[in-house]
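Undergrad: Line order of the protein sequences matches chains A and B.
Note that my numbering gives residue 89 to position 89 of the first sequence, counting from 1, and the numbers run on in steps of one.
Note that my numbering gives residue 159 to position 42 of the second sequence, counting from 1, and the numbers run on in steps of one.
Hints are not guaranteed to be accurate.
Said to hold, decoys possible - In silico EDC-like links for lysine to aspartate or glutamate, alpha-carbon gap of 16 angstroms or less:
hint	chain 1	residue 1	chain 2	residue 2
1	B	K172	A	E68
2	B	K172	A	D21
3	B	K271	B	D293
4	A	K109	B	D293
5	B	K137	B	E178
6	A	K109	B	D291
7	B	K138	B	D189
8	B	K124	A	E68
To be clear, the hints were calculated from the coordinates, so they are not data collected in a lab.
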Amino acid sequence: MRLNYPPNVKIVKVPCTGRVDILLILHAFESGVDGVYLAGCLEGECHFLRGNLRAKKRVQYVKGLLDEVGLGGNRIEMYNMSSAQGQRFAEVAREMTEKIRALGPSPVKRSKVAGGK
Amino acid sequence: MIVANRKSLEEILAMLKPYKKVLLLGCNECVTVCATGGEREVGVLASELRLSRSKDGEEIEVKEQTLERQCDHEYIDQIRPFVGDYEVILSMACGAGIQYVAEKYRTKVVLPAVNTTFLGVTLEQGVWSERCQGCGECVLHMTGGVCPIARCAKSLLNGPCGGSSNGKCEVDKDTDCGWQLIIDRLKELGQLDKYEEIIPVKDWTSSRDGGPRKRMREDLKL
């Protein structure tokens, strides 16, 4: 559809939002990103049945973790859309960018590789 | 398994205030099953510590290591080669494991990242429930396999109290009355006559009240 969306949104493709692990999100914040959002299928329409519901619960859990840490749970969100909804995709990208811009950059320095093993 | 809860990040950060190099030790057994201190939870806590320190402009180096168990010296010995590189050990094992690490590495400060709570079972993924209090004198054969010590809030030995109502304990509307569970089970097993057998006054010396306990098998000692 060749719609525009803010260039600061980096897309990480996954087969299902249910694949997104809590640690992946936390490591993203460790690497210095200002916000993370998961864009999953509409509820009830997950191709893998419940992946998007698992993702929703994990996003809630990470919100709690980010509040605990002091970064703020509002830096992570869950959105649902159909892969046919190009407009919604662009709209969400804009909405999230504005939200994060208002919150300001993440206070976490772009530190060395997350993992420390 | 032994069930524990992770301490709040606030409490852990307060304990770690003076330290910059932390060895974060997980345990692959009970605390993994109750999703409190296994490899994944070690990863999450390490991440939280790094995020929190980084956001305050401070440093922290966290080495993540999950041992098979922390209650056997063969496994605790595995960290000997590098334990000297760290200022403090933060353990996510149960209280037994944390103490054993402290006993083995006497010159190291060992901190608890979890609160150890009960002996329990997995009801469903994500839900764990208390079943045993290690009283040292099991009466499960008399109560149809339901423990009156662990599942009755008052640990009564011979039947419900007046607070038992609609199968629930007066302590909490979601807590089952242990004795209701016992009676129902005895009925199912056709063993209601066991209910009439009086369990005598308990000798609590077999439990914690007798002091810290030990078990020995002479034939196994080397």
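Undergrad: All hints are to be evaluated individually against the structure, with a verdict given for each.
TA: These are the hints, each one checked on the structure:
no.: 1; hint: B:K172 - A:E68; in the structure: 12 angstroms, holds
no.: 2; hint: B:K172 - A:D21; in the structure: 22 angstroms, violated
no.: 3; hint: B:K271 - B:D293; in the structure: 13 angstroms, holds
no.: 4; hint: A:K109 - B:D293; in the structure: 50 angstroms, violated
no.: 5; hint: B:K137 - B:E178; in the structure: 6 angstroms, holds
no.: 6; hint: A:K109 - B:D291; in the structure: 46 angstroms, violated
no.: 7; hint: B:K138 - B:D189; in the structure: 25 angstroms, violated
no.: 8; hint: B:K124 - A:E68; in the structure: 12 angstroms, holds
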